[in-house]
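Asker: Residue numbers (our numbering), protein chains in the order written: chain B, 54 to 337; chain H, 54 to 337; chain S, 54 to 337; chain D, 54 to 337.
Treat the hints as calculated values from the structure; they're not laboratory data. Take the hints with a grain of salt, since some may be wrong.
Since the list gives no way to pick one copy over another, a pair counts as held whenever it fits inside one copy or between any two copies.
[Stated by the list, open to error] Straight-line distance between alpha carbons at most 25 Å, and here's what the computed DSS-like set of lysine-lysine pairs gives:
| no. | residue 1 | residue 2 |
| --- | --- | --- |
| 1 | Lys297 | Lys67 |
| 2 | Lys301 | Lys321 |
| 3 | Lys326 | Lys67 |
| 4 | Lys68 | Lys55 |
| 5 | Lys150 | Lys128 |
| 6 | Lys321 | Lys199 |
| 7 | Lys301 | Lys67 |
| 8 | Lys68 | Lys326 |
| 9 | Lys321 | Lys306 |
4 protein chains.
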Amino acid sequence: MKNTAILLIHCPDKKGIVHAVTDFLFANNGNIIDLDQHVDQDQALFFMRVEWDLTGFSIPKEKVSEFFGTLVGDKFQMKWELHFTSRKTRMAIFVSKMSHCLFDILQRYQSGEWDIEIPLIISNHPNLGYIAERFNIPFEVFPITKATKAEQEAKELELLAHHDIDFIVLARYMQIISADFITHYPNRIINIHHSFLPAFPGAKPYHQAYKRGVKIIGATSHYVTADLDQGPIIAQDIARITHKENVKDLVRKGKDLEKTVLSQAIWKQMQHKILAYNNRTVIF
Amino acid sequence: MKNTAILLIHCPDKKGIVHAVTDFLFANNGNIIDLDQHVDQDQALFFMRVEWDLTGFSIPKEKVSEFFGTLVGDKFQMKWELHFTSRKTRMAIFVSKMSHCLFDILQRYQSGEWDIEIPLIISNHPNLGYIAERFNIPFEVFPITKATKAEQEAKELELLAHHDIDFIVLARYMQIISADFITHYPNRIINIHHSFLPAFPGAKPYHQAYKRGVKIIGATSHYVTADLDQGPIIAQDIARITHKENVKDLVRKGKDLEKTVLSQAIWKQMQHKILAYNNRTVIF
Amino acid sequence: MKNTAILLIHCPDKKGIVHAVTDFLFANNGNIIDLDQHVDQDQALFFMRVEWDLTGFSIPKEKVSEFFGTLVGDKFQMKWELHFTSRKTRMAIFVSKMSHCLFDILQRYQSGEWDIEIPLIISNHPNLGYIAERFNIPFEVFPITKATKAEQEAKELELLAHHDIDFIVLARYMQIISADFITHYPNRIINIHHSFLPAFPGAKPYHQAYKRGVKIIGATSHYVTADLDQGPIIAQDIARITHKENVKDLVRKGKDLEKTVLSQAIWKQMQHKILAYNNRTVIF
Amino acid sequence: MKNTAILLIHCPDKKGIVHAVTDFLFANNGNIIDLDQHVDQDQALFFMRVEWDLTGFSIPKEKVSEFFGTLVGDKFQMKWELHFTSRKTRMAIFVSKMSHCLFDILQRYQSGEWDIEIPLIISNHPNLGYIAERFNIPFEVFPITKATKAEQEAKELELLAHHDIDFIVLARYMQIISADFITHYPNRIINIHHSFLPAFPGAKPYHQAYKRGVKIIGATSHYVTADLDQGPIIAQDIARITHKENVKDLVRKGKDLEKTVLSQAIWKQMQHKILAYNNRTVIF
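The task is simple: from the sequences and hints, build the whole structure.
Answerer: Put into structure tokens, the structure is as follows:
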């Protein structure tokens with residue numbers, strides 16, 4: 054059982070940041086397990102992820118944030134997140150009617166590939182309820198029309214808060230999330246779009262790809278922002294196609310990409326390895 | 054020394070086309086070396102490439118086109134091209150200032166990887182003349198301004214005709230070809246664009262890609278049409294990038310893609326393995 | 054509902070084969086849907102797959118084989134398989150304890166991605182029975198020890214014959230199939246090996262790969278022959294790894310490859326698009 | 054003009070290493086440009102690459118090594134290399150008869166893609182002398198027979214020392230380097246092998262690959278050790294092939310891989326981003 058803490062930091066670049074952070078940890082008997090940093094030279098921004106063992110660390114867990122802020126963070130105008138691995142990440146899944154991503158996620162969950170909690174699946178259609186049932190996960194249906202959208206989203210938010218959800222995965226959820234909803238989970242809603250963005254945003258990307266006659270199709274996982282399919286990209290992958298393949302083949306091949314690329318994003322997210330800024334991501 | 058003929062055919066799909074073509078060859082003692090066909094079911098279009106040995110073929114070379122047209126082609130409303138491998142394909146290269154694609158092409162040419170003629174390199178700048186000189190290939194400079202474009206292109210066309218050029222390769226030629234020029238070489242001008250189209254058309258695609266924060270960059274070879282970067286795609290490839298890489302890294306990595314993807318298109322073109330229709334390509 | 058026939062042919066290369074086959078179809082009012090051929094020039098072998106519409110075909114289904122053999126096949130010393138798409142392909146799955154490939158296959162089956170029958174899952178361990186139950190597929194456990202192997206395999210063969218199984222998929226079945234068993238399903242047992250063969254055959258390929266310090270891992274689907282991991286390769290894919298990834302990461306990443314690469318082989322097999330010869334495959 | 058220093062470090066893992074290194078730099082007014090570290094948890098080994106700006110650094114260049122050793126390195130039993138970017142890396146190229154890698158390297162060199170010195174090309178055959186001449190680089194021919202090998206290698210070593218060569222690239226050099234020679238350049242001779250090792254080591258890997266019927270071919274750049282094709286792997290890449298491609302096609306496609314994969318290794322080497330240990334590499 055891992056007992057570590059993780060700091061995700063970003064701030065204006067300046068001399069001495071790594072030193073200050075490692076000094077804070079070393080002086081308090083923290084053993085660094087993993088440290089990764091990045092400097093965006095163009096924008097003079099500094100990014101860092103550091104994970105350390107809490108065994109023997111002299112600052113109590115509930116005080117780490119306060120101490121780090123006062124002693125290091127504020128001096129460098131840092132924004133930071135602090136996570137403890139003793140707490141399992143809690144993920145909610147949103148689905149509609151397609152089962153491939155949902156099955157793929159739940160298989161990883163059940164087989165122990167992912168050490169995570171999935172307290173809740175939300176859908177705008179009842180179709181996939183049978184899958185949730187098989188895996189014994191609560192499945193809540195919120196049908197959405199233009200008229201009911203605001204009201205339904207409010208209920209969803211309540212439920213998500215009740216379940217203490219850390220982040221949301223849209224596993225081919227065919228419904229646009231409102232800008233207001235998104236503000237509750239900034240850079241914490243992961244979508245899978247079935248093209249290599251920025252090519253083919255919006256509806257029916259495989260049809261668009263077929264029509265354009267591309268030789269490569271793709272999938273993109275990204276954080277959801279108020280601009281459709283414009284959020285920070287987390288992962289992308291591609292598959293090669295030939296003239297022999299029609300739209301149906303593209304859809305079939307694309308599903309494999311969607312599963313893999315969405316899972317890659319979830320894997321990074323659950324380990325707190327993603328930092329988003331200026332519509333970009335640092336993936337540690 | 055190969056002595057074969059190649060037919061590239063397309064026509065409305067109909068019962069009996071393969072039979073008619075193979076009957077024509079078999080009845081005249083032609084031994085099929087390679088046959089590939091494709092049916093676009095959505096549009097009911099038939100495509101075929103067949104290569105056969107001319108040794109012992111009972112119709113003389115100069116009569117094959119007439120005989121095939123009368124006996125087969127016209128009956129099926131075919132459009133076809135006929136090529137003889139005894140004639141080496143003649144390719145012209147257009148360049149500007151960047152040397153990586155040009156060197157790559159000329160190395161393949163000189164080492165014998167490609168069995169082809171390159172009678173001519175055309176450029177709008179004198180910078181790469183030293184490379185042409187090293188490989189002993191005529192290098193003609195046509196500086197182009199808005200005012201002189203029509204006139205200079207006319208001279209280029211004359212020169213290309215004089216050298217009996219079959220197809221043109223734009224090896225990072227940084228100048229837009231006029232619609233009129235293109236009509237002289239329909240689906241016979243191959244461009245390399247430094248992005249996976251349709252993402253990032255136009256200028257500075259690596260800068261666009263960096264700005265969008267993609268995790269994959271690409272390159273696309275395509276036939277030039279009057280619509281910039283919209284022509285039929287021949288080949289595409291991609292490279293993975295991370296947040297650690299800036300625009301300069303993208304440019305550097307992209308060059309490798311450009312070289313490879315352009316060469317793949319040339320390789321197919323020189324073997325008459327590309328059929329373009331409705332802004333798509335069949336690559337046999 | 055498709056009503057087509059498929060011929061998979063191979064024979065010594067000779068003038069007139071394509072013509073003879075298409076003549077047979079055309080003369081009997083068969084409309085070719087798809088035709089693909091290949092010649093292995095080194096060995097002078099000819100391969101062909103042709104699919105045609107049976108609507109209006111003048112030879113009755115039950116006579117096609119006899120007529121084709123007499124009129125065409127025997128004259129060219131062909132070996133051929135004849136399949137009718139009106140009959141759904143019947144696949145059996147062998148598993149042990151790992152669930153990822155099994156779930157992936159069953160999701161494709163249930164969602165309708167694959168139009169196939171899965172009458173039977175066989176395992177040497179009871180662990181995955183709960184999955185079969187969820188998908189409502191008979192699950193038969195045959196524990197195998199050195200002493201019982203011959204007897205148990207005999208029972209399995211009986212069961213497979215009873216269910217009229219066309220081909221078998223080893224979805225991470227951790228038990229070597231005996232040479233005798235294989236003779237009942239020549240080139241009809243598909244295995245997934247978790248490395249890019251021929252690198253790292255045998256046990257624990259991810260451990261081997263980690264130890265060798267490779268930068269790429271892979272997976273290979275192949276037909277099972279009496280020589281372990283030496284059978285004809287159907288599909289392969291790879292994933293990139295870095296020094297940051299340990300054996301556990303390789304196993305996790307590899308699972309995604311295994312799922313995809315095994316499914317690609319099944320997809321080709323169920324459409325009768327694979328021809329194996331001399332320990333190689335032609336994949337139409 | 055960059056004026057930075059680079060430390061490449063490895064040592065037994067222990068609490069406080071990052072802190073000690075960054076403390077050394079911070080206390081002496083060194084601004085960290087880039088820092089990357091890695092811990093091999095299985096073997097409890099620590100690896101680090103740190104690059105810092107020398108402008109204003111309080112320890113003079115010629116004293117950095119001594120000070121770092123005394124104040125930090127020795128305390129943690131570190132092995133380290135110290136490089137200054139003000140000195141251009143000096144690379145020698147060994148070739149035989151194939152030109153594709155050599156042309157590719159020289160194009161990168163001449164176009165300024167690589168900021169490096171190439172004082173010398175060595176060959177066991179005179180064939181490629183004309184290329185060296187075109188790029189104005191000394192070309193020395195050392196024909197090698199079993200009888201003359203030791204003597205010729207001694208002369209090569211003398212010449213390499215005279216030119217103060219940092220590392221050697223075997224650009225398809227078809228001659229085995231003796232174990233004695235290698236001891237002079239440990240982990241400083243980069244070879245390109247034309248397969249994805251450990252598959253197909255030794256001679257004629259494309260022939261081996263064709264014979265085995267693989268669907269993927271590859272190339273591997275690695276440090277040369279006394280065990281043929283067994284040294285630490287630096288980079289690998291692959292290309293997909295089909296049954297339609299024969300050995301000649303594999304060779305042609307493979308050349309593109311060889312060029313790219315060799316260049317990737319050189320790119321990392323010239324930036325001092327590779328650490329080799331236990332027959333593995335850390336690539337920062």
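Asker: Output the numbers, in ascending order, of every earlier hint that fails for this structure.
Answerer: Hint check: 5, 6 fail, others pass.
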